[in-house]
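Line by line, the protein sequences give chains L and E.
Under my numbering, think of the first position of the first sequence as 1, with each following residue one higher.
Under my numbering, think of the first position of the second sequence as 1001, with each following residue one higher.
Incorrect hints may appear among the rest.
What the hints assert, rightly or not - When the alpha-carbon atoms are kept at most 30 Å apart in a straight line, the in silico DSSO-like pairs for lysine-lysine are as follows:
#1 88(L) x 1321(E)
#2 1321(E) x 206(L)
#3 453(L) x 481(L)
To be verified - Taking beta-carbon pairs under 10 Å as the criterion, some of the chain L residues facing chain E (in silico):
#4 43
#5 73
#6 76
#7 81
#8 94
#9 114
#10 133
#11 150
#12 265
#13 350
#14 372
#15 375
#16 456
#17 457
#18 461
#19 464
Source of the hints: derived by calculation from the structure; they are not laboratory data.
Since this is a predicted model, take the numbers as computed values, not measurements.
All residues carry an ideal CB built from backbone N, CA and C; glycine is no exception.
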Amino acid sequence: MSKDTREPLIFDVSRPGRVAANLLPKCDVPYQSPSELLGAESLREKLPLPEVSELDVVRHFTHLSQRNYSIDAGFYPLGSCTMKYNPKINEKTAGLPGFAALHPLQPQETVQGALELIYELQKMLAEICGMKATTLQPSAGAHGELLAMMMVQAYHAERGDTQRNIVVIPDSAHGTNPASAARCGFKVKGIPSNEKGCTDLAGLEKALEGGNVAALMLTNPNTVGLFESDIQQICQMVHDAGGLVYCDGANMNAMLGLTRPGDMGFDVMHFNLHKTFSTPHGGGGPGCGAVSVQANLEPYLPVPTVEKEGDTFRWKFDNSKSVGKVHSFYGAFLIAVRAYTYILSLGKEGLRSASENALINANYIRARLADYYDVAYNAPICMHEVVFSANRQKREGDVRAMDISKRLMDYGFHPPTNYFPLIVPEALMIEPTETESKQTIDSFIEAMIAIAKETQENPEIVRTAPHTTLVSRLDETMAVKNLDLRYAPLFEE
Amino acid sequence: MAYISNTNEDRAEMLSAMGFTSFDALLAPLPPAIRYQGELNIPTALDEGGVLRRLQQLAAKNVDLESHLCFLGAGIYDHFRPVVVGMLAVRGEFATAYTPYQPEVSQGTLQAIYEYQTLICGLTNMDISNASMYDGATGLAEAALMATSILNRGDIVVSGAVNPLYRQVIQTYANVTGYRVVEVPTAEGVTDTERLSEIVNSQTACVVFQQPNFFGNLEDVETLTETAHKAGALAISAVDPISLGLLKPPGDYGVDIVLGEGQSLGNAMGFGGPLLGFFACNKRFVRSFPGRIVGATQDSQGRRGYTMTLRTREQDIRREKATSNICTNQALLALCATIYLCELGKTGLRHVADLSLQKAHYAFQQLCAIEGVKPLFPNAKFFKEFALSLPVSPSELNTSLLQSKIVGGLDLGAYYPEFAGSSLFCVTETKTKAGIDALVSATEGVVKGGKA
Ligand SMILES: Cc1ncc(COP(=O)(O)O)c(C=O)c1O
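The task is simple: from the sequences and hints, build the whole structure.
Have a look at this one:
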């Protein structure tokens, strides 16, 4: 059973003198000694890199890839992450030399197609969320949140409202929300959710007292998968108190063509192009956290912005009100190419259909599992994801949400999100997305039901899962105690 | 085409299993006033061929650097990308996974990150590396903020020879937190170390410099580091990872935090994104460090495995007290960097660095032989970029060079008004002698008043 299935580290495969391939040309200019050109004192001696053949490289990374679960291999219902199918055509278009082989500082007349794509995608995103303008500069959702908080601060500063140093955030929010607000120098004031899992209006009212609130950061649909039905009133309350309202748009996949944050009263939001718009998650990135704003925040967008004059596109760098720059250049352009490709492929009707199917799939799971797992906050309908609590399983079989997740691996599925949102004890957050079929979802549901039964009949098998993966549960405590963050032998001598 | 798997029948069955007859029932939580009734102003769906044609049409409006010679650098570099890098990284098993929250089914990504961390530590000779930052500029801003919070000091001292775009990003991050960014002047294309020693004081959290610096020149990194340390501040260096094939690693001269742009390690230029911020530091700072990090450990049966560790620094656990807000990072680009560094290996990376050095110096010497073209910083040593003062306007030269299918250097005047009339050229190993000669003769043609 404890067969050692390790893939060696590439450093173990290395042999002195081995080289990969004939990758580089011979020097065709007169050779000068590096120590003369750079100074001997500037040169290094050791360069601890592996020495391997190209076949070693190919086998090693192919083996590593086989040690991953992925959307391409199976159902990946990781809540809040929108693990939908990532169309292959996106990779084809992003790889076109006319996009991939562009330098960001090329003369503008040589990148008109790139500027046009950015301009069009920004407009499309603004249309989808019902706002005025968009920037693609942030590299991920959290980066978009940070940028938005910078703009909120600049907005209040211009009005002389510098006492506004508080950002209100529900306790159900993703951890990046408070972290981003704090990174921007704001104090974070948490507000508890009500018994329905939504924003508690009385709590919000109280938090808004004192005139020091700069903004409310709200996720809609929220992280419990529920639509904030009081959203217009919430936005009104914050606006009446002089604050702005930020929408964490991680859950935009629930709303395409169905409803728009801009119409609800939000001032600013971020998109995760790597969720809603199908760009691959890459094992943890890259993403793009595009930010859209209403007219009130447009002056503060980061520079450069792209403008259209006649048929010509150009960067505009001078904008005295802009918060500045949050990326080396213009953001993740090749991610923007993928998202643009996706929007053209779906069209307006496809976007709407995506959200409709996302809602159907999530509600179907909810309906079919409601007898086996406690639905968090028993609302009649969820949006694009459903959150269960494993409270019952914990009570009945001392089985935790994490145990159920690990057991799902034995049934061939990626686990849901665990321990988020923090307000749901033993949370199992399931987001099926629109691209999965009823057939796949039915087999997932059957696995969940089987695990619920195991919890009653043989909880040990769930508590000790997974049993079929290449490694079993890893000792996290040991990882922290005996920190091993790089391959030590490489640095010895 | 929404890539939907459900058939109409599936949907009808699912709705009826929930006790609904139509989809609209699922919209009950949405107040009617905010239900979107219109039609989005977005084109109707295109077939796959139509999408490809539209994207190809846009791509064709750009001058791509496979068909043109590129002598632009300034942070993004046209280094060779071995074919194997893209071929492996595009595998869906890597590309369509997410952050390895569940280590039992993510050992591939986790081990690759562990190898990446090892390679970055090896290149820089630092103790620890994280799993990636968004890009070089935000990595630098995070490093500076990390220094302010470790030392509880408010001044970020930055060399004027640090990439001006990076300095804009530091300034943006500092503005909102109330930290002061103090710029150190340059002299002859490098940081003025005498002025630096006058500027640093007990409020200095860090001294930030770049090696080679924005002008391509080598800094006196020992003195810069020492000056920071004498003031009790941290030394932070941005480095070009390719240069580390030849140059002394920052760990050797005692820098506390090292970061840089990892695009040249096997990633596309991509019009400047997505990028890869690498980030490494001394192990003293292991608890104040931003970003994901992977460690080795054992499973319940004693087998070696990898997992994300030191998680209590992160936003999902620590919320507003986290060391950074970063969540999604640049994992796939870090994977490309890992494959690149393995494929090139010890001799290959040295070779890339050396070829770039040789070709840049050849280009420099040939260009300087043109009458009126002069080195902007005659006393500086440089790696693969160099600044030249030109007898013609840089932007006019660039316009003419385009006709010879050459993308010329960066017009320095756009970033340093005092250097108007000068260009920053970059030459990597991808340029042949013939290509460099073409640049030289086209430039000569323009200088002599003819057309390129
Ligand atoms: C609700 C929510 N908000 C914000 C984020 C942060 O987005 P990113 O990981 O792209 O920074 C996430 C995702 O991980 C999320 O689920």
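Now for the hints, and whether the structure bears them out:
A distance of roughly 39 Å separates the Cα atoms of residue 88(L) and residue 1321(E); the hinted pair therefore is violated under the 30 Å criterion. Note on residue 1321(E) and residue 206(L): the hinted pairing holds, with a Cα-Cα distance of about 24 Å set against a maximum of 30 Å. Distance hint between residue 453(L) and residue 481(L) is unfulfilled; the C-alpha atoms sit about 37 Å from each other, more than 30 Å. The beta carbon of residue 43(L) comes within 6 Å of a beta carbon in chain E, closer than 10 Å, and the hint placing it at the interface holds.
For residue 73(L), the interface hint holds, the least distance from its beta-carbon to any beta-carbon of chain E being 7 Å, beneath 10 Å. Taken as an interface hint, residue 76(L) checks out: its beta carbon lies about 8 Å from the nearest beta carbon of chain E, inside 10 Å. Because the closest C-beta pair between residue 81(L) and chain E is about 6 Å apart, less than 10 Å, the hint holds. The beta carbon of residue 94(L) is positioned within 10 Å of a beta carbon in chain E (closest approach about 8 Å), and the interface hint is therefore held.
Hint status for residue 114(L) relative to chain E: holds, with the closest Cβ pair at about 5 Å, below 10 Å. Evaluation of the residue 133(L) hint against chain E yields a violated restraint, the C-beta minimum of about 15 Å exceeding 10 Å. At a threshold of 10 Å, the smallest CB-CB gap from residue 150(L) to chain E is about 5 Å, leaving the interface hint in force. A hinted interface residue such as residue 265(L) counts as satisfied when its beta carbon comes closer than 10 Å to some beta carbon of chain E; here the least separation is about 9 Å, so the hint holds.
Interface hint at residue 350(L): satisfied, since its Cβ lies 4 Å from the closest Cβ of chain E, which is below the 10 Å cut-off. With 10 Å as the threshold, the beta carbon of residue 372(L) stays out of range of chain E, its nearest partner Cβ sitting at about 15 Å, so the hint is violated. Interface hint status for residue 375(L): violated, as the beta-carbon distance to the closest one in chain E is roughly 13 Å, over 10 Å. Because the smallest distance between the Cβ of residue 456(L) and any Cβ of chain E comes to about 24 Å, over 10 Å, the interface hint for this residue is violated.
Hint status for residue 457(L) relative to chain E: violated, with the closest Cβ pair at about 22 Å, above 10 Å. Hint status for residue 461(L): violated, given a least beta-carbon distance of 14 Å to chain E, over 10 Å. The restraint placing residue 464(L) at the interface with chain E holds, with a minimum CB-CB distance near 8 Å, inside the 10 Å limit.
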